[in-house]
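S.K.: Chain residues, written in single-letter form:
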Amino acid sequence: MNLLDIFKRRSSAPVARERLQVLLAYERRNRSQPDLVSILREEIMAVIAKHVQIDQDYLQVSMDRGETMSTLEIDIQIPNKSAVPMAMAG
Amino acid sequence: MGKVVVVTSGKGGVGKTTSTAALGAAVAKTGKKVALVDFDVGLRNLDLIMGAERRVVFDLVNVIQGTAKLSQALIRDKRVDTLFLLPASQTRDKDALTEEGVGEVIDKLRSVFDYVFCDSPAGIERGAQLAMRFADEAVIVTNPEVSSVRDSDRIIGLLDARTMRAEQGEQIAKHVLVTRYDAGRAARGEMLSIDDVLEILSVPLLGIIPESQDVLRASNLGAPVTLSEPLNTAAKAYIDAARRLEGEELPVIVPFERKGFLDRLLGRRAA
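These protein sequence lines map, in sequence, to chains D and Z.
For the first sequence, the positions run 1 to 90 when the numbering used here is used.
For the second sequence, the positions run 1001 to 1271 when the numbering used here is used.
Hint data in this document are derived by calculation from the structure and do not stem from the laboratory.
Hints are supplied without guarantee of correctness; some may be wrong.
[What the hints assert, rightly or not] Examples of chain D residues lying across from chain Z (beta carbon under 7 Å, computed):
#1 SER12
#2 ALA13
#3 ALA16
#4 ARG17
#5 LEU20
#6 VAL22
#7 ARG31
Glycine is no exception: its CB is placed at the ideal position from the N, C-alpha and C atoms.
With the hints as constraints, model all of the structure from the sequences given.
M.R.: Structure below.
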């Protein structure tokens, strides 16, 4: 350990403070909004269920928020046996 | 009408149960009637910290389900006769607590006691929400450490949204109690300072409890530190915090590191 390391170690509390401030500003902003991802998940599920039989577990909805752009990822797995449209199956 | 105070934190292991016992005992010692209610259903520990684990016959869930009267379930402390404990049950049934049932018990306690301290389970799930539901005030126990502060912020959000008072448009009085504060590490910039924590959470400070072996020893012996060793630093900090909770205006002194020359030379930590 050299002298520089000692100084580096001293600065961990200010880093903690800054990280918390940024994170909490973001979390507080989102707290007031209803849970967007779970609402999307439910509505997407309802639309798909109208036409194809799928299990809840086969639908994954996730949102990745970036600074300038956010991505919404929807992953739907349709098992082959239930891929037959309901109108035909029924 | 008594005051209902929830002791909560979000994160586990920060000292909720220890603080509930220490604050409750400190208030009871001034002659006020105090009830401590353990909401940690399935993982009760307040009985152990209070040294009453072998005296538990009935619990909160029994009272809610009507199999025991409130007066049967309350355990009177052997050291302070105005201090009572209502233990949590060991049942694994998560739905054993109902909002209606908890409300009735709290109402009864409020009419008999001056203070009702609700020891919240960790987390933000049902148990934690029921513990805070009927509270008038909240003590948010926080360690000067990133994950604890973040969880406290989350709990503050819940206190302002999900409590009865918040829903009725009233304020719930909130206080931060910083526990396990290590003056030496804070001075060396290795730990968030009190100012950092208060600035981030923007909730007034109830007290600072220094990291202390005495608190651990008190838990080992089954006695709140404010009763067993009222003169040591941590106990004094709890007693002052309890006085502030009762509305007294006492300045908070940030603990500083007491180091002798030899300690400095050898780089020893303060106890």
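S.K.: State for each hint whether it applies.
M.R.: Status of each hint after checking the structure:
no. : hint  : result
1   : SER12 : holds (6 Å)
2   : ALA13 : holds (5 Å)
3   : ALA16 : holds (5 Å)
4   : ARG17 : holds (5 Å)
5   : LEU20 : holds (5 Å)
6   : VAL22 : violated (11 Å)
7   : ARG31 : holds (5 Å)
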